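Residue numbers (this note's numbering), protein chains in the order written: chain A, 295 to 428; chain B, 847 to 1434.
What the hints contain is simulated information worked out from the structure, not anything from laboratory work.
Be aware that one or more of the hints could be misleading.
Straight-line distance between alpha carbons at most 20 Å, and here's what the computed EDC-like set of lysine to aspartate or glutamate pairs gives [what the hints assert, rightly or not]:
| id | chain 1 | residue 1 | chain 2 | residue 2 |
| --- | --- | --- | --- | --- |
| 1 | B | K1063 | A | E326 |
| 2 | B | K1045 | B | D979 |
| 3 | B | K974 | A | E398 |
| 4 | B | K974 | A | E397 |
| 5 | B | K1045 | B | D963 |
| 6 | B | K1358 | A | E321 |
| 7 | A | K413 | A | E423 |
| 8 | B | K1123 | B | D1087 |
| 9 | A | K413 | B | E1071 |
| 10 | A | K304 | B | E1126 |
| 11 | A | K413 | B | D1070 |
| 12 | B | K1067 | A | E321 |
| 13 | A | K385 | A | D350 |
| 14 | A | K364 | A | D351 |
| 15 | A | K413 | B | D1074 |
| 16 | A | K422 | A | E303 |
No experiment lies behind these values; they were computed from the predicted model shown.
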Amino acid sequence: MRLLIADAEKCIGCQLCMFACARRQNEGGLAEACIGVRSIGGMERGFTVIVCRACDDPACAKVCPTGALKPRNGGGVRLDAAACIGCGNCKDACLIGAVFWDEEINKPMICIQCGYCIKFCPHGVLKKEAKELT
Amino acid sequence: MLANDTLANVLYIDLSNKQYWVRHRVDLFERYLGGAGVAVHLLDEECPAGVDPLSDENPIVFAVGPLTGLFPLASKTVAMFKSPHTGNLGESHCGGRSAVAIRLAGYGAIVVKGRSDIPVYLAIHGDKVHFRDASSIWGIENSFTVGRIIRESETGAGLRTIMRIGGAGEKLVSYACVITETYRHFGRLGLGAVFGGKKLKAVVVSGRRSLPVGDFKTYRKTYDEIYDSAVGSPVMKKYHDLGTAGNVLPLNILGGFPTRNLAEAKFEGAAEISGEKFAEQYLGRRLACSHCPVACIHIAALREHYVDEPYFYKTHMISYDYEPIYALGSLLGVSDTRGFLSLMEQVEIFGLDAMSAGVVLAWATEAQERGIISEKETMGLKFNWGDCGTFMKAVKLIVRQPNDFYSALARGVRYASSVYGGMEFSLSLAGNEMPGYHTGPAAHIGVMIGARHSHLDNAGYSVDQKNLSKQDVGFEELAADLLSEERWRQVLSSLVVCFFARGLYKSDVVLKALELTGFALTREDLNRIGEAIHKRKYEFKIRHGFSLDDIYLPKRILETSTPFGQVSESYIKSAVSHFKRLIDSSPY
Chain A
295 MRLLIADAEK CIGCQLCMFA CARRQNEGGL AEACIGVRSI GGMERGFTVI VCRACDDPAC
355 AKVCPTGALK PRNGGGVRLD AAACIGCGNC KDACLIGAVF WDEEINKPMI CIQCGYCIKF
415 CPHGVLKKEA KELT
Chain B
847 MLANDTLANV LYIDLSNKQY WVRHRVDLFE RYLGGAGVAV HLLDEECPAG VDPLSDENPI
907 VFAVGPLTGL FPLASKTVAM FKSPHTGNLG ESHCGGRSAV AIRLAGYGAI VVKGRSDIPV
967 YLAIHGDKVH FRDASSIWGI ENSFTVGRII RESETGAGLR TIMRIGGAGE KLVSYACVIT
1027 ETYRHFGRLG LGAVFGGKKL KAVVVSGRRS LPVGDFKTYR KTYDEIYDSA VGSPVMKKYH
1087 DLGTAGNVLP LNILGGFPTR NLAEAKFEGA AEISGEKFAE QYLGRRLACS HCPVACIHIA
1147 ALREHYVDEP YFYKTHMISY DYEPIYALGS LLGVSDTRGF LSLMEQVEIF GLDAMSAGVV
1207 LAWATEAQER GIISEKETMG LKFNWGDCGT FMKAVKLIVR QPNDFYSALA RGVRYASSVY
1267 GGMEFSLSLA GNEMPGYHTG PAAHIGVMIG ARHSHLDNAG YSVDQKNLSK QDVGFEELAA
1327 DLLSEERWRQ VLSSLVVCFF ARGLYKSDVV LKALELTGFA LTREDLNRIG EAIHKRKYEF
1387 KIRHGFSLDD IYLPKRILET STPFGQVSES YIKSAVSHFK RLIDSSPY
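Please construct the entire structure, taking both the sequences and the accompanying hints into account.
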């Protein structure tokens, strides 16, 4: 399963998905959110929803010098926090900007494709899709 | 409150000396929750009687609440200041990203003091405050442009608020507003002019902290309950589908829709400026405040042809809501949908309170019709009901104030009519231009006695609608109803819960949510807190010269029939006197 943006045009910018992501990790506020919503240069133009798209061949994992990020079965990555040295290569490698950063521990935060946020998007922006394994 | 919560951090910023510091005010937050309750105390501490609202001594207080960033729909920021418009308590509420940004930057309140010697804007990113030289953007009259420039030069996209003023704030128009996120406002009572008086062009705040919560399992459960009731509620659906503009047709059918300076209360052109009309033909986008699933903010897309070039167009994105539709629509006799949107945009560009601007223009139109003012005063403009083009020119002149007449209009309708006459049809109560409800006695009494003279203080219009089915509601009952509603709303606005969600945040839900943020309170505690905050506001008002006995009641309000028929002056006065007795007898 992976998270998909069904229609970003429907996004109202409420950011409930971001709060849900943090809550899923037993955090209030937004520090731990692995999904981001911001306007496209002004709210009148709509929003961009930034989240890991679970690449088949994740660029972030390829540039990880310690193997802390490993491709996950079905797409995307898993982080072995103990192996991560916080170099930030992964963050630079992701063109989407979907590698968020935990400033407190200096390590990446990446969506684990759990889909909890979908439950809190009342306008159908997010959906979950089964991905064929290749 | 929870020991590790940053809510009690109050950020003080001194524009005169370009300094800032943080004080921990657990005392205030423990007792008054946040928002309005904390803000009125901070205002009181910083603003003694006699302070000139446009001087360096007038503080600006922003406050949010414990539920902000943790629960949905608790996303309003309360601003308090001394109003340059009424010369008394200034309180204005705004959504957008403002409240969540302040809370996640690590503050429960921000106090801006002093006056800068050069134009500045403030950039508050977490625990860092930057005083940015705003010389290069001072003088930009268009609030959209100011937002666009700052958006590019500051960090924190998606996690920030950009509060800014347009030309009206710089020129100290007493009802200039502060605009955030392009489409939300600290609309009423002139916060924009207080910014202008401080040479403060904008305030940017960003943050993305974690917030502590009590028991996480209960937190998620309570959150889900509130969320489910929000997305399942018919009220929320109404605000999502049509927005507040959905109230135009019902209020018009009721006969409570002020028209042509309230000479009438039904508008024959209502359908052309209704929520249905805008949604069907112009709705281009819906937006939400942070942490609110509703998206009541409705943006019209207005395509305009460049007259000098074939096949070349621009698209204006203009927000519309019930109150501006009343003030810049029916009250001015405007039934031209496109014309209304252009006038609305003009008011947004310059950053005026749309409600006050509409009332001022309506008075000017009637005053010119009656010959009280001539084209000499208006500099050649001939105001006619429905003529948006002329009103748009007048908006610009009100901001730029090229003569005494427009300077008078820039101080509101009470002042303008005190100079030129026509007070009997100048639609202001206690110095604030009236909102769009001629629904009966409670609407007007509510605005008169409301601590900020806003329809949202006690929702008198809603009391009227409830009373329509009853026989002869006595003035005692009516005054008591309004007071009890206003006291409860002090609790909601201290939690900064949006008033549209008041049906979701009943006291049991409030208590549950508060418990998770470390406030162990009872229903009686909430009632006591609401009453105490209300009393404190009134003490501030009286200390700054307000008296319930001095409120001028324009005859027009009494002459034009409401759904209850004509409202009697003696009934209004009795209700106001009774209200005064009730607050005087409050033990707090």
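Hints, one by one, checked against the model:
The straight-line distance between the Cα atoms of K1063 (chain B) and E326 (chain A) is roughly 18 Å, inside the 20 Å bound, and the hint therefore holds. For the suggested pair K1045 (chain B) and D979 (chain B), the alpha carbons sit about 10 Å apart, so the restraint of at most 20 Å is met. For the proposed pair K974 (chain B) and E398 (chain A), the alpha carbon gap of about 16 Å is at most 20 Å, so the pair holds. Between K974 (chain B) and E397 (chain A) the alpha-carbon distance is near 15 Å, which keeps this suggested pair within the 20 Å criterion.
For the hint linking K1045 (chain B) to D963 (chain B), the alpha-carbon distance of about 7 Å falls within 20 Å, and the restraint holds. A distance of roughly 18 Å separates the Cα atoms of K1358 (chain B) and E321 (chain A); the hinted pair therefore holds under the 20 Å criterion. Between K413 (chain A) and E423 (chain A) the CA atoms are separated by roughly 14 Å; this keeps the pair inside 20 Å, and the hint holds. Taking the CA atoms of K1123 (chain B) and D1087 (chain B), the gap is about 12 Å. The hint holds against a cut of 20 Å.
Straight-line distance between C-alpha atoms of K413 (chain A) and E1071 (chain B) comes to about 13 Å, which keeps the hinted pair within the 20 Å bound. Restraint check for K304 (chain A) and E1126 (chain B): satisfied, since their Cα atoms lie roughly 17 Å apart, inside the 20 Å limit. Our distance criterion of 20 Å between C-alpha atoms is met by K413 (chain A) and D1070 (chain B), whose separation comes to about 10 Å. Of the pairs offered as hints, the one joining K1067 (chain B) and E321 (chain A) holds, with about 14 Å between alpha carbons and a cut-off of 20 Å not exceeded.
At roughly 17 Å between alpha-carbon atoms, K385 (chain A) and D350 (chain A) fall within 20 Å of each other, so this suggested pair holds. Our distance criterion of 20 Å between C-alpha atoms is met by K364 (chain A) and D351 (chain A), whose separation comes to about 10 Å. Under the criterion of a C-alpha separation no larger than 20 Å, the hint pairing K413 (chain A) with D1074 (chain B) is consistent with the structure, at around 10 Å. At most 20 Å may separate the alpha-carbon atoms for a hinted pair to count; K422 (chain A) and E303 (chain A) meet this at roughly 17 Å.
Of the numbered hints given earlier, the model fails none.
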